[in-house]
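Mapping of the sequence shown onto full-length UniProt numbering: position 122 corresponds to residue 122, and the numbering continues sequentially without gaps.
These aren't lab readings, by the way, just hints derived from the structure by calculation. Any given hint might turn out to be false.
[Unchecked claim] Pair by pair, the computed Cβ-Cβ distance ranges are:
| no. | residue 1 | residue 2 | range |
| --- | --- | --- | --- |
| 1 | Y27 | R229 | 17 to 23 Å |
| 2 | D174 | G261 | 37 to 43 Å |
| 3 | R125 | E181 | 22 to 28 Å |
| 4 | R230 | Q25 | 37 to 43 Å |
| 5 | R227 | V281 | 33 to 39 Å |
| 6 | R230 | R125 | 33 to 39 Å |
| 7 | A117 | D60 | 35 to 41 Å |
| 8 | P141 | E208 | 31 to 37 Å |
| 9 | V241 | L177 | 34 to 40 Å |
| 10 | M1 | S263 | 47 to 53 Å |
| 11 | A117 | Y27 | 31 to 37 Å |
| 12 | G24 | R227 | 24 to 30 Å |
| 13 | D15 | H67 | 23 to 29 Å |
Even for Gly, the Cβ is constructed at its ideal location relative to N, Cα and C.
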Amino acid sequence: MLLIVGEAIVAYQRDLGADGADTGQPYTGPWASGAPAIAAYVAARLGVDTRFVGGVGADDGGQVMRHAFERAGVGLEHLGEYSGLRTATVRITYRGDSNREFDFDVRGTAATAVRGADLGGLPERAGWVHLSGSALAFGDPLASAALAAFDRARRAGARTSLDPNVRLEVLGEDARLALVEAIGRADVLLPSEGEMEALGLEAGRFAEAGATVCTTYGPGGVEVRERGRRTRVDALPVEVVDADGAGDTFAAAFIAASLTGASPVEAAGAGVRVAAHAIGVEGPMTVTPDPRLLDGR
C-alpha cells in the first residue's frame with residue numbers, strides 16, 4: 001500500500017500568452033490539484049493501492065476533490081471534511097516565458113487541519129510512503145502529520161520517496177530545515193531541476209550515500225543517479241496542454257513501476273511516458289493513464 005499525506009488544493013489557471021501581458025484573461029477551473037493529491041490520484045489510476053490523508057472543506061471545492069479521488073479509486077475514508085474551514089485554493093498564471101506564478105490560499109484552510117491522530121495505523125501498514133515537500137511548507141498541523149507518517153512508515157520498513165517540491169514563496173526557514181533533514185532519510189529523491197541547489201544541497205552526495213536520485217529536466221528528460229552511475233532518460237516529444245503536476249505525475253509513475261519490480265532507470269522511463277501523457281490534457285487530476293504505460297506497451 002502507498003501512503004501519501006499532504007494538501008488537497010483546488011486550482012484555477014490562466015495563460016497570459018506569448019508576451020505575458022496581463023489583459024484580464026479569465027481563469028479556468030476549478031481543477032482538483034495539490035502536489036501530494038496529484039501523486040495519489042495518478043498512482044491509483046495506475047493500479048496502486050493508494051491511501052491519501054488530507055483535508056477539504058464542506059464546500060464546492062471539497063466536492064471537486066472528492067469526485068477526482070473517487071474516479072481514480074482512492075478511498076475517501078481518510079479525506080477529512082472540515083465544515084468550519086474552506087478548501088484550499090491556488091491561482092496559477094502561466095506567462096510567455098513558460099514561468100508560472102502561484103498565489104496560494106492554503107494556510108488556515110482545511111488542507112492544513114490534518115493531524116497526526118488522523119493517520120491511525122496507516123504508516124505501519126504501508127509498503128511505500130511518499131512525501132512532497134509542499135506538505136511541509138504550509139505549516140502545522142499538516143506538516144507534522146506528513147513528517148510523522150514518513151518517519152513511522154520508514155521505521156516500520158516501508159520504502160520512502162521524497163519530491164522536494166520547493167515552493168520558495170511559502171517555504172519558511174523551519175520548513176526548509178525539516179525538508180532538508182527528511183531528504184537525508186529518503187530512499188528515492190525525485191527533484192526537479194534546480195530544487196536541490198535551491199536548498200543548498202548537492203544531489204551527488206545523496207546518491208553516493210545510497211539514495212536513488214532522479215532529477216527531472218522537463219523537455220530535457222531525466223537523470224537517474226545511483227551510487228557510481230548516471231543514466232539519462234530522454235523525454236518524449238509532446239504538445240504541452242497543461243504542465244501543472246507533471247513532476248507529481250512522474251513521481252507517481254516511478255513509484256508504481258518500482259512496485260512492479262522495475263529498476264530505477266526502467267521506473268524513470270515509465271515516469272517519462274506517463275508524464276508525457278498527462279501534460280497533453282488540461283487539469284492535473286483529469287488524466288487517465290493506461291497502466292500498460294508502466295512497461296512501455
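A quick look at each hint next to the structure:
no.: 1; hint: Y27 with R229: 17 to 23 Å; in the structure: violated, 44 Å
no.: 2; hint: D174 with G261: 37 to 43 Å; in the structure: holds, 38 Å
no.: 3; hint: R125 with E181: 22 to 28 Å; in the structure: holds, 25 Å
no.: 4; hint: R230 with Q25: 37 to 43 Å; in the structure: holds, 42 Å
no.: 5; hint: R227 with V281: 33 to 39 Å; in the structure: holds, 37 Å
no.: 6; hint: R230 with R125: 33 to 39 Å; in the structure: holds, 35 Å
no.: 7; hint: A117 with D60: 35 to 41 Å; in the structure: violated, 28 Å
no.: 8; hint: P141 with E208: 31 to 37 Å; in the structure: holds, 35 Å
no.: 9; hint: V241 with L177: 34 to 40 Å; in the structure: holds, 37 Å
no.: 10; hint: M1 with S263: 47 to 53 Å; in the structure: violated, 22 Å
no.: 11; hint: A117 with Y27: 31 to 37 Å; in the structure: holds, 36 Å
no.: 12; hint: G24 with R227: 24 to 30 Å; in the structure: violated, 53 Å
no.: 13; hint: D15 with H67: 23 to 29 Å; in the structure: holds, 25 Å
Of the numbered hints given earlier, the model fails hints 1, 7, 10, 12; all others are met.
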